[in-house]
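Same order as they appear, the protein sequences are chains A and B. Counting from 1315, one number per residue, gives the positions in the first sequence under the numbering used here. Counting from 619, one number per residue, gives the positions in the second sequence under the numbering used here.
These are calculated hints, taken from the structure and not from any lab test. Quick reminder that beta carbons are idealized off the backbone N, C-alpha and C, glycines included. Accuracy of the hints is not assured; some may be wrong.
What the hints assert, rightly or not - Computed list of chain B residues with no C-beta within reach of chain A, every gap over 10 Å:
{"hint": "1", "residue": "Ala641"}
{"hint": "2", "residue": "Arg668"}
{"hint": "3", "residue": "Ser698"}
{"hint": "4", "residue": "Asn720"}
To be verified - Taking lysine to any residue and the SDA-like style, the derived pairs with C-alpha atoms no more than 20 Å apart in a straight line are:
{"hint": "5", "chain 1": "B", "residue 1": "Lys661", "chain 2": "A", "residue 2": "Thr1328"}
{"hint": "6", "chain 1": "B", "residue 1": "Lys725", "chain 2": "A", "residue 2": "Glu1419"}
{"hint": "7", "chain 1": "A", "residue 1": "Lys1353", "chain 2": "B", "residue 2": "Arg721"}
{"hint": "8", "chain 1": "B", "residue 1": "Lys661", "chain 2": "A", "residue 2": "Ser1406"}
{"hint": "9", "chain 1": "B", "residue 1": "Lys685", "chain 2": "A", "residue 2": "Ser1407"}
{"hint": "10", "chain 1": "A", "residue 1": "Lys1359", "chain 2": "B", "residue 2": "Lys685"}
{"hint": "11", "chain 1": "A", "residue 1": "Lys1359", "chain 2": "B", "residue 2": "Glu709"}
Unchecked claim - Far from chain B by the CB rule (all over 10 Å, computed), these chain A residues:
{"hint": "12", "residue": "Phe1324"}
{"hint": "13", "residue": "Pro1329"}
{"hint": "14", "residue": "Arg1338"}
{"hint": "15", "residue": "Gln1346"}
{"hint": "16", "residue": "Gln1356"}
{"hint": "17", "residue": "Lys1359"}
{"hint": "18", "residue": "Leu1360"}
{"hint": "19", "residue": "Phe1369"}
{"hint": "20", "residue": "His1403"}
{"hint": "21", "residue": "Leu1408"}
{"hint": "22", "residue": "Pro1409"}
{"hint": "23", "residue": "Gln1414"}
{"hint": "24", "residue": "Gly1415"}
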Amino acid sequence: EIVLTQSPDFQSVTPKEKVTITCRASQSIGSQLHWYQQKPDQSPKLLIKYASQSFSGVPSRFSGSGSGTDFTLTINSLEAEDAATYYCHQSSSLPITFGQGTRLEIK
Amino acid sequence: EVQLVESGGGLVQPGGSLRLSCAASGFTLSDHYMDWVRQAPGKGLEWVGRTGDKATGYTTAYAASVKGRFTISRDDSKNSLYLQMNSLKTEDTAVYYCARRNRVTTKEFDYWGQGTLVTVSS
């Protein structure tokens, strides 16, 4: 099973700040890495697919990079509505696995 | 508009059974892989299992934690996905989401339902 480890687990940030969340895979997964945003009491929503491709309708301040084992989700100029938990997900091999999540709090 | 609506959750005793449904609309269900993902209260996301699309013969795969107890099925004529859960344990308590995979790439979950809560308790 491929283990995904996100860091940090929690971050408190101010609006307009730039945020970086990392996801490290226990073995190489190519670009089979996707990012989701989950706001409180809502279902997850796809942000970034295949490490760096933005999903339709996602604001341009969200971007992704990386390949192999190390991946990054970047949020430029954070807005209050970005308060959420962010998860990475690997689709390289079964079983499908998710990172433990990174909760962003807006100060 | 793509919509996924789960139903069937509720309170069940340990050892009991429950069947969840996911009603799909706005797309052709048979064209897509479909998954179930769960989230225990206050915890992260956990993959439960998936069914392939019509082209792949609707093959299924399951997480080790539910294999042999849970069964995923689908009725494309009713645009519905199901999760039959047997021999339920307290650790199966979670919100259960159905999720659609992209039709072409079959990898990322591009749409999710709102979830249905299953509570396993005596």
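Hints versus structure:
1. Ala641: It holds; B/Ala641 is separated from chain A by about 15 Å at its closest Cβ, greater than 10 Å.
2. Arg668: violated, 8 Å
3. Ser698: holds, 18 Å
4. Asn720: violated, 8 Å
5. B/Lys661 x A/Thr1328: violated, 25 Å
6. B/Lys725 x A/Glu1419: Roughly 29 Å between the alpha carbons, so the hint for B/Lys725 and A/Glu1419 is violated.
7. A/Lys1353 x B/Arg721: At roughly 25 Å apart (the allowed maximum being 20 Å), B/Arg721 and A/Lys1353 break the hint.
8. B/Lys661 x A/Ser1406: violated, 23 Å
9. B/Lys685 x A/Ser1407: holds, 17 Å
10. A/Lys1359 x B/Lys685: Violated: A/Lys1359 and B/Lys685 sit about 27 Å apart, past 20 Å.
11. A/Lys1359 x B/Glu709: violated, 25 Å
12. Phe1324: holds, 13 Å
13. Pro1329: Nearest chain B Cβ is 26 Å from A/Pro1329, so the label holds.
14. Arg1338: holds, 16 Å
15. Gln1346: For A/Gln1346, whose nearest Cβ neighbour in chain B is about 6 Å away, the distance does not exceed 10 Å, so it is violated.
16. Gln1356: For A/Gln1356, whose nearest Cβ neighbour in chain B is about 8 Å away, the distance does not exceed 10 Å, so it is violated.
17. Lys1359: violated, 7 Å
18. Leu1360: The assertion about A/Leu1360 is violated, with a minimum of 5 Å to chain B.
19. Phe1369: Non-interface label fails for A/Phe1369: nearest chain B Cβ at 7 Å, not farther than 10 Å.
20. His1403: Non-interface label on A/His1403 violated, nearest chain B Cβ at 7 Å vs cutoff 10 Å.
21. Leu1408: violated, 5 Å
22. Pro1409: It is violated; A/Pro1409 is separated from chain B by about 5 Å at its closest Cβ, not greater than 10 Å.
23. Gln1414: violated, 5 Å
24. Gly1415: violated, 5 Å
Of the numbered hints listed earlier, those contradicted by the structure are 2, 4, 5, 6, 7, 8, 10, 11, 15, 16, 17, 18, 19, 20, 21, 22, 23 and 24.
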